[in-house]
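Protein chains: 2
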Amino acid sequence: MSTPAIHSDALAQKLADSGLRNTPQREFVYDALLKKRDHPTADEVYARVKTQLPGISLATVYNCLETLVQCDLVRAVNFERAPTRYCPNQHPHAHFHDESTGSTHDIELPPGLLAKIKGILPPGYDAEAIELTFRGKAPPSR
Amino acid sequence: MSTPAIHSDALAQKLADSGLRNTPQREFVYDALLKKRDHPTADEVYARVKTQLPGISLATVYNCLETLVQCDLVRAVNFERAPTRYCPNQHPHAHFHDESTGSTHDIELPPGLLAKIKGILPPGYDAEAIELTFRGKAPPSR
DNA sequence: TCCTTCTTTAGAATTATTCCAATTTCAACT
DNA sequence: AGTTGAAATTGGAATAATTCTAAAGAAGGA
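Taken in order, these protein sequences are the chains called H and S. Throughout the first sequence, residue numbering follows the working numbering, covering 3 to 144 in sequence. Throughout the second sequence, residue numbering follows the working numbering, covering 3 to 144 in sequence.
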């Protein structure tokens with residue numbers, strides 16, 4: 003088969019749930035995110051996918067990434083005004099931006115912390131999403 | 003006197019500490035942030051300051067805001083890829099983005115929460131800054 | 001005052017992202 | 001199998017926030 007199979011068809015399922023079509027472009031884009039989980043930018047995803055789908059356009063990469071975000075398979079990660087990065091990690095997690103390397107690390111959240119954080123909101127505030135981001139120096143990666 | 007005086011010269015002090023000059027442009031920009039604490043964008047600050055300093059340029063507003071951020075008098079607040087907003091609140095606080103109105107609210111943090119959040123970092127991670135952002139529906143403002 | 005440095009300014013440049021109009025694809029229905 | 005209509009892709013143009021640049025303007029110290 004010509005399409006990647008890393009994702010065990012979670013993609014096809016989620017797309018179907020949203021009434022969207024599964025396409026090779028979407029498969030390869032999602033696959034690129036799963037294969038190298040280094041929070042690539044759209045440009046980086048474009049470069050990686052182009053090696054396998056040479057005809058894909060940057061606009062399509064943006065479209066696919068947006069679709070994956072809509073389907074809750076991928077999170078868009080913004081840090082200051084740097085290009086948006088994309089993350090296929092489904093678990094609740096924070097992000098740590100290493101200033102010296104420019105790299106982004108996932109930080110898993112202990113259970114209950116999100117609820118506790120939500121608890122600081124004054125009455126009447128209803129949070130749909132919480133973003134927790136650190137900036138600083140990360141340990142050298144192994 | 004012609005320069006605003008809301009800020010009790012914290013500005014002059016902080017600028018001096020950093021070896022920078024105090025200028026009318028910097029005073030008026032800082033004053034605009036203090037007078038209406040609604041997290042304006044650079045464009046909005048530009049419009050407000052221009053009523054008092056008609057000759058100021060947008061580039062200068064950007065320069066002044068950047069300087070204020072460097073001096074730790076102002077925080078730059080980013081949400082997704084919307085234009086950067088500026089906040090003169092010095093206390094540790096989170097931000098709540100109301101999706102329907104586009105407004106940004108400060109959420110004061112209970113003492114100890116930042117330390118607790120910092121505690122979830124694996125050994126070796128050294129966080130210089132923490133950003134906590136909510137997205138959702140805020141109560142109608144009084 | 002002169003000199004040096006910092007600051008401001010207008011406009012050009014940058015760049016991530018979105019928009020657009022024209023194909024192409026594809027599933028559903030004859 | 002052929003038709004159809006909506007969805008998806010494509011290349012290129014457009015957008016918009018921000019930064020850059022080069023020149024002119026202020027300001028403090030010798």
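These aren't lab readings, by the way, just hints derived from the structure by calculation. One should not assume that every hint holds.
[As the list claims (entries may be wrong)] Here are the simulated lysine-lysine pairs, BS3-like style, with alpha carbons at most 27 Å apart: (1) S:139 <-> S:118; (2) S:52 <-> H:120; (3) S:52 <-> S:38; (4) H:118 <-> H:139; (5) S:37 <-> H:139; (6) H:37 <-> H:139; (7) H:118 <-> S:52; (8) S:37 <-> S:52; (9) S:38 <-> S:16; (10) S:120 <-> H:118; (11) S:139 <-> S:38; (12) S:118 <-> H:120; (13) H:52 <-> H:37; (14) S:118 <-> H:139; (15) S:139 <-> H:118; (16) S:16 <-> H:120; (17) H:38 <-> H:52.
Distance restraint between residue 38 (chain S) and residue 16 (chain S), which requires alpha-carbon spacing of 27 Å or less:
Status holds; Cα separation ~21 Å.
Is residue 139 (chain S) close enough to residue 118 (chain H), meaning Cα to Cα at most 27 Å?
Cα-Cα ~18 Å, so holds.
Does the alpha-carbon distance linking residue 16 (chain S) and residue 120 (chain H) stay inside the 27 Å limit?
The hint is violated at about 34 Å.
Holds or violated: residue 139 (chain S) to residue 38 (chain S), with C-alpha atoms at most 27 Å apart
Holds. Residue 139 (chain S) to residue 38 (chain S) sits at ~22 Å (cutoff 27 Å).
Agreement of residue 118 (chain S) and residue 139 (chain H) with the hint, judged by alpha carbon distance not exceeding 27 Å
18 Å, holds
Residue 52 (chain S) paired with residue 38 (chain S) [C-alpha distance capped at 27 Å]:
15 Å, holds
27 Å limit on alpha-carbon distance, applied to hinted pair residue 120 (chain S) and residue 118 (chain H):
This hinted pair holds, its Cα atoms lying about 14 Å apart.
Tell me if the straight-line CA distance from residue 118 (chain H) to residue 139 (chain H) falls inside 27 Å.
26 Å, holds
When you check the alpha-carbon spacing of residue 52 (chain H) and residue 37 (chain H), does it fall within 27 Å?
Satisfied, since the Cα-Cα distance of roughly 15 Å is no more than 27 Å.
Has the given pair, residue 37 (chain H) with residue 139 (chain H), been kept, meaning a C-alpha gap of at most 27 Å?
Roughly 25 Å between the alpha carbons, so the hint for residue 37 (chain H) and residue 139 (chain H) holds.
Would you check the hint for residue 118 (chain S) and residue 120 (chain H), treating anything up to 27 Å between C-alpha atoms as holding?
Answer holds: residue 118 (chain S) to residue 120 (chain H) is near 14 Å, not above 27 Å.
Pair hint outcome, residue 52 (chain S) versus residue 120 (chain H) [Cα-Cα no greater than 27 Å]:
This hinted pair is violated, its Cα atoms lying about 39 Å apart.
When held up to the earlier numbered hints, the structure conflicts with 2, 5, 7 and 16 and fits the remainder.
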